[in-house]
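K.L.:
This is what each chain is made of:
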Amino acid sequence: MENFSLILAIVVVTALAFDFTNGFHDTANAMATTISTGALKPKVAVAMSAVLNLVGAFLSVEVANTISKGLVDETGIRPEVIFAALVGAILWNLATWLLGLPSSSSHALMGGLIGATIASAGFGAVHGDVLVTKVLLPALAAPIVAGLAAMLATRLSYGIGRRADGKAAEKGYRAGQIASAGLVSLAHGTNDAQKTMGIITLALVAGGVVAPDSDPPTWVILSAGLAIALGTYIGGWRIIRTMGKGLTELQPQQGFAAQTSAATAILASSHLGFSLSTTHVVSGSVMGAGLGRKGGVVRWSTATRMLVAWVLTLPAAAVVGAGAESVTDLGDWGTAVVAVFLVAASAAIWKLSRREVVDATNVNDTEEPAGVVTTAIAAVTPPPAATVTEELTATVPAPVTTATPESATPPAATV
Amino acid sequence: MKIDWAALGSVFGVSLAVTVGLVALFTLGIMGLSHRERAAAQGNSATLAVTGAYVAFAGCVAAVAYGISLIVA
Numbered sequence: 001m002e003n004f005s006l007i008l009a010i011v012v013v014t015a016l017a018f019d020f021t022n023g024f025h026d027t028a029n030a031m032a033t034t035i036s037t038g039a040l041k042p043k044v045a046v047a048m049s050a051v052l053n054l055v056g057a058f059l060s061v062e063v064a065n066t067i068s069k070g071l072v073d074e075t076g077i078r079p080e081v082i083f084a085a086l087v088g089a090i091l092w093n094l095a096t097w098l099l100g101l102p103s104s105s106s107h108a109l110m111g112g113l114i115g116a117t118i119a120s121a122g123f124g125a126v127h128g129d130v131l132v133t134k135v136l137l138p139a140l141a142a143p144i145v146a147g148l149a150a151m152l153a154t155r156l157s158y159g160i161g162r163r164a165d166g167k168a169a170e171k172g173y174r175a176g177q178i179a180s181a182g183l184v185s186l187a188h189g190t191n192d193a194q195k196t197m198g199i200i201t202l203a204l205v206a207g208g209v210v211a212p213d214s215d216p217p218t219w220v221i222l223s224a225g226l227a228i229a230l231g232t233y234i235g236g237w238r239i240i241r242t243m244g245k246g247l248t249e250l251q252p253q254q255g256f257a258a259q260t261s262a263a264t265a266i267l268a269s270s271h272l273g274f275s276l277s278t279t280h281v282v283s284g285s286v287m288g289a290g291l292g293r294k295g296g297v298v299r300w301s302t303a304t305r306m307l308v309a310w311v312l313t314l315p316a317a318a319v320v321g322a323g324a325e326s327v328t329d330l331g332d333w334g335t336a337v338v339a340v341f342l343v344a345a346s347a348a349i350w351k352l353s354r355r356e357v358v359d360a361t362n363v364n365d366t367e368e369p370a371g372v373v374t375t376a377i378a379a380v381t382p383p384p385a386a387t388v389t390e391e392l393t394a395t396v397p398a399p400v401t402t403a404t405p406e407s408a409t410p411p412a413a414t415v
Numbered sequence: 416m417k418i419d420w421a422a423l424g425s426v427f428g429v430s431l432a433v434t435v436g437l438v439a440l441f442t443l444g445i446m447g448l449s450h451r452e453r454a455a456a457q458g459n460s461a462t463l464a465v466t467g468a469y470v471a472f473a474g475c476v477a478a479v480a481y482g483i484s485l486i487v488a
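First to last, the sequence lines map onto chains S and X. Just so we're aligned, residue 1 is where the first sequence starts under our numbering, counting upward by one. Just so we're aligned, residue 416 is where the second sequence starts under our numbering, counting upward by one.
Same shape as in the complex, but just chain S (with noise of 0.2 Å):
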C-alpha cells in the first residue's frame, strides 16, 4: 500500500461511515417485522442481525466487482468523486433516517456516484441504459412482486391455517419468523457490504494503488463488513418503526408472509439476473402482507411519504453529489471544506434526532412521533396527496393497491 494518500485516506474512511450508515439503515428490512410481532426482543434481533450482515459480507465478492464496473467509467475517475459521491449518499441516508423512512441506501449510493461524475466529467461518462435497466424500473418492481407474493401468502395463510392457534403456532411462527429474518440478512450483508467493498475498491483504482480489475483486499473486505456489522447493531429505530408499526399492523402469520417473500424476492432477484433493493422489496411485502389479512389496513400516508423518498433518492443524493465534487474541484482547501460540511450536517442531523428519541424500548409503540419529525415530514410530503392519503386510510382497506404503482409512476418518469 504505497502511494497511499491523503485524500485516498480520506475516502476509504468515508466510506466505511456510509457502510455504518447503510447498516444503521437497513437493519430494518431483516429485523422490522421479527422485532413488532414481537418475536425477538429488540436488542436480540439487531445483534442477530448484525452477526450474519458480519458474515455474509465474507462469503462473496461478486457484487462489489459489478458496483466498481458497472455504472460508471472507472477511467478519468479521481478519488475527490468518490468522495464527494459518498457525501451525497451519506447525508440522504441520515436524513431519511430522521425522518423515520426506508430507502434505498444503494440508490443513495448511485445517486452521488452519478452526480459526482457528472460534475466531474459531464453526462457522457454516465450509462444511461444501465441507470433504467438497473435501477429505476426495479425500484418499481421490487414492491409490486414481493407485495403481491406477501398478499397471496398471508391470504392463503389465513385461509388454510384457521385451525392453527394455541402454544404450538405462536412458537412455529416465531421460529418461521427468525428463520426468514436471518436469510435477509445473510442476504444484505453479501450485497451490501460489498457495495462499500466495490466504492472502496473503485477508489484504489482510481488512486493507483492497486491494479484495475482486482478483486477488493482482504482489509477492505474486513473493515467494509466489521462496519456494517456496527451500523446494523446500533440499529436504525426510526426507520424499523415505520417498517414494523407504521405501514400496517402484523400479526406472526403476516410478518411470517412478508419475511418469506421478502426472503425469497431478495435470493430470486440476485441469482436471476435482475437485482432488486432489499428495501423496495420489504416495504412492498409488508404492505401486501397488511393487505392480505381480511380487515388489515395499510397507512397509505405512510406508504405515500415512503414513495416520495424512494423518488428523491436518486435525485437527492446526485445533487449533494454534484455540489460536493464542484467544491473538492477548487483545491485541497475544498476538498476540506466537504469534509467539515459532512460532519457539521451529520451532527446537526445526530442532535435533531434526540429532540424524539427512538431506540430500542419504544420501538413497537405505534404512534407516529410528532414534533420534529412530523413537521419535518409536512415538509416533504405534497399537501394534495397527503389529504388524500388520510381519507383513504380509515374507510378504504383492500381495493386501493393500484394507487401504489399509478402514483409511483409519473415522477419516476421524469426522473
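Simulated from the structure, these hints should not be mistaken for laboratory data. Note that CB positions come from ideal geometry on N, CA and C, so glycine has one too. There may be inaccurate statements among the hints.
[Claimed, not checked] Restraint-style ranges between C-beta atoms, simulated for each label pair: (1) X:A477 / S:R354: 28 to 36 Å; (2) X:G428 / S:D329: 29 to 37 Å; (3) X:G428 / S:S5: 47 to 55 Å; (4) S:D129 / X:E452: 54 to 62 Å; (5) X:A473 / S:V44: 21 to 29 Å; (6) S:K167 / X:T466: 37 to 45 Å; (7) X:V470 / S:G208: 57 to 65 Å; (8) X:A432 / S:P217: 38 to 46 Å; (9) S:K41 / X:W420: 41 to 49 Å; (10) S:D129 / X:A473: 40 to 48 Å.
Fit chain X to the supplied structure of chain S, relying on the hints for placement.
P.N.:
Okay, now just chain X, sitting in the frame of chain S:
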C-alpha cells in the same frame, strides 16, 4: 436500451410460487402441531398429524438450506 423482461418475469414467477408454496407448507406444519396440542389436551395422540408436520418443516428447512447455498455460491 434492453430491458431483460425474461429475467424480470422469472423473478416474479419464482418469488410468487416459492413464497406461496413455502408459507402453505409451513402453515400445514403449524396446523399439525396445534392439532397435537388439542389432541393432547383431550388425552389423545395425533401421530399422523405430527408426522405430517415434521415432513412439512423438513421441507421448509430444505428450502432455507437451499437459500443459504444460493447466498454462499
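K.L.:
Each hint needs a verdict: does it hold in this structure or not?
P.N.:
Okay, the hints, checked on the actual structure:
Between X:A477 and S:R354 the Cβ separation comes to about 47 Å, which falls outside the hinted range of 28 to 36 Å. Against the hinted window of 29 to 37 Å, the Cβ-Cβ separation of X:G428 and S:D329 comes to about 48 Å, which falls outside the hint. Between X:G428 and S:S5 the CB atoms are about 50 Å apart, so this pair conforms to the stated range of 47 to 55 Å. Range check, S:D129 to X:E452: about 57 Å between beta-carbon atoms, so the 54 to 62 Å window is met.
Here the CB-CB span from X:A473 to S:V44 is close to 26 Å, well matched to the stated 21 to 29 Å. Separated by about 20 Å at the C-beta atoms, S:K167 and X:T466 break the suggested range of 37 to 45 Å. Between X:V470 and S:G208 the C-beta distance comes to about 59 Å, which sits within the given range of 57 to 65 Å. At about 41 Å, the CB distance of X:A432 to S:P217 agrees with the hint of 38 to 46 Å.
The hint said 41 to 49 Å for the Cβ distance between S:K41 and X:W420, and at roughly 44 Å that hint holds. Our hint of 40 to 48 Å for S:D129 and X:A473 holds, since their Cβ atoms are close to 45 Å apart.
Violation of the numbered hints given earlier is confined to hints 1, 2, 6; the remaining hints are satisfied by the structure.
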